[in-house]
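Trainee: Next come the chains, spelled out residue by residue.
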Amino acid sequence: AQSVTQLDSHVSVSEGTPVLLRCNYSSSYSPSLFWYVQHPNKGLQLLLKYTSAATLVKGINGFEAEFKKSETSFHLTKPSAHMSDAAEYFCVVRASNTGKLIFGQGTTLQVKP
Amino acid sequence: KAGVTQTPRYLIKTRGQQVTLSCSPISGHRSVSWYQQTPGQGLQFLFEYFSETQRNKGNFPGRFSGRQFSNSRSEMNVSTLELGDSALYLCASSLTGGDTQYFGPGTRLTVL
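Those protein sequence lines, which keep their order, are chains A and B. Here my numbering is used: the first residue of the first sequence is 1, the next is one more, and so on. Here my numbering is used: the first residue of the second sequence is 1, the next is one more, and so on.
Incorrect hints may appear among the rest.
Unchecked claim - Per label pair, the in silico range of CB-to-CB distance:
id, chain 1, residue 1, chain 2, residue 2, range
1, B, G28, A, S26, 43 to 49 Å
2, A, K69, B, T7, 37 to 43 Å
3, A, S84, B, F69, 35 to 41 Å
Said to hold, decoys possible - Okay, derived cross-link-like pairs now, DSBU-like style, lysine-lysine, Cα gap no bigger than 30 Å in a straight line:
id, chain 1, residue 1, chain 2, residue 2
4, A, K68, A, K58
5, B, K57, A, K49
6, B, K57, B, K13
7, A, K49, A, K68
8, B, K57, A, K69
9, B, K57, A, K112
10, A, K49, A, K112
11, A, K69, A, K58
12, A, K49, A, K69
13, A, K58, A, K112
14, A, K42, A, K112
15, A, K42, B, K57
What the hints contain is simulated information worked out from the structure, not anything from laboratory work. Virtual Cβ for every residue (Gly too), placed ideally from N, Cα, C.
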């Protein structure tokens, strides 16, 4: 069975400093992994996705994630945080080739001025 | 292209009532999935419809049901509402289900 674990429920950074949101996954085969972001009272927006083409995936708004099979990790990073990055971030794995997504518990990113 | 739309955006019901939520997918998308988001349980998969057929189902009671129409629009119904059904209900559409899902803004259901 597939699952994801987000290792931090809350991350706080200062504006202009790097962001690291950690995610470990469990999957019995090569997974499809995603990061979604949710701003307050909004739906979910896709940041980036990994589908086995390249291990380093670039997304929108300067975010990127690296798929590391040996560590079963898919951490999300950004070199320099912006105030507008404050939101809830979800690491997600897709259950086989269907429309069922399995979500991590989410990481709240706080960006301090 | 227009995004995924959900109606209504907000809904207030009382215990025991039933409710129907609607989701219109992105044009050309045939898969629609529904999710429930609560502070305690996070985001949980309800079910997926593809070409008018339920293809996957999550671990929710039979009070939660859905359907999909020939134009791929989908509805979700919850009968005999309970206080614990208060949540943000999100739908997502994709071309086939096995590709990227795009989410709507959600319907906020409050059960009093």
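Trainee: Next step is simple, just say for each hint if it's right about the structure.
Mentor: Against the structure, the hints come out as follows:
1. B:G28 - A:S26: 43 to 49 Å: violated, 33 Å
2. A:K69 - B:T7: 37 to 43 Å: Given about 42 Å between the Cβ atoms, the range holds.
3. A:S84 - B:F69: 35 to 41 Å: holds, 38 Å
4. A:K68 - A:K58: holds, 15 Å
5. B:K57 - A:K49: holds, 24 Å
6. B:K57 - B:K13: Cα-Cα ~25 Å, so holds.
7. A:K49 - A:K68: Holds - the C-alpha atoms of K68 of chain A and K49 of chain A are around 14 Å apart, at most 30 Å.
8. B:K57 - A:K69: At roughly 29 Å apart (the allowed maximum being 30 Å), K69 of chain A and K57 of chain B satisfy the hint.
9. B:K57 - A:K112: With a Cα-Cα distance of about 41 Å, the restraint between K57 of chain B and K112 of chain A is violated, given a limit of 30 Å.
10. A:K49 - A:K112: Measuring from Cα to Cα gives roughly 27 Å; hence the hint holds.
11. A:K69 - A:K58: Distance ~17 Å between K69 of chain A and K58 of chain A Cα, so the pair holds.
12. A:K49 - A:K69: holds, 15 Å
13. A:K58 - A:K112: holds, 24 Å
14. A:K42 - A:K112: It holds: about 21 Å lies between the C-alpha atoms, which stays within 30 Å.
15. A:K42 - B:K57: holds, 25 Å
Hint violations for this structure: numbers 1, 9, all remaining hints satisfied.
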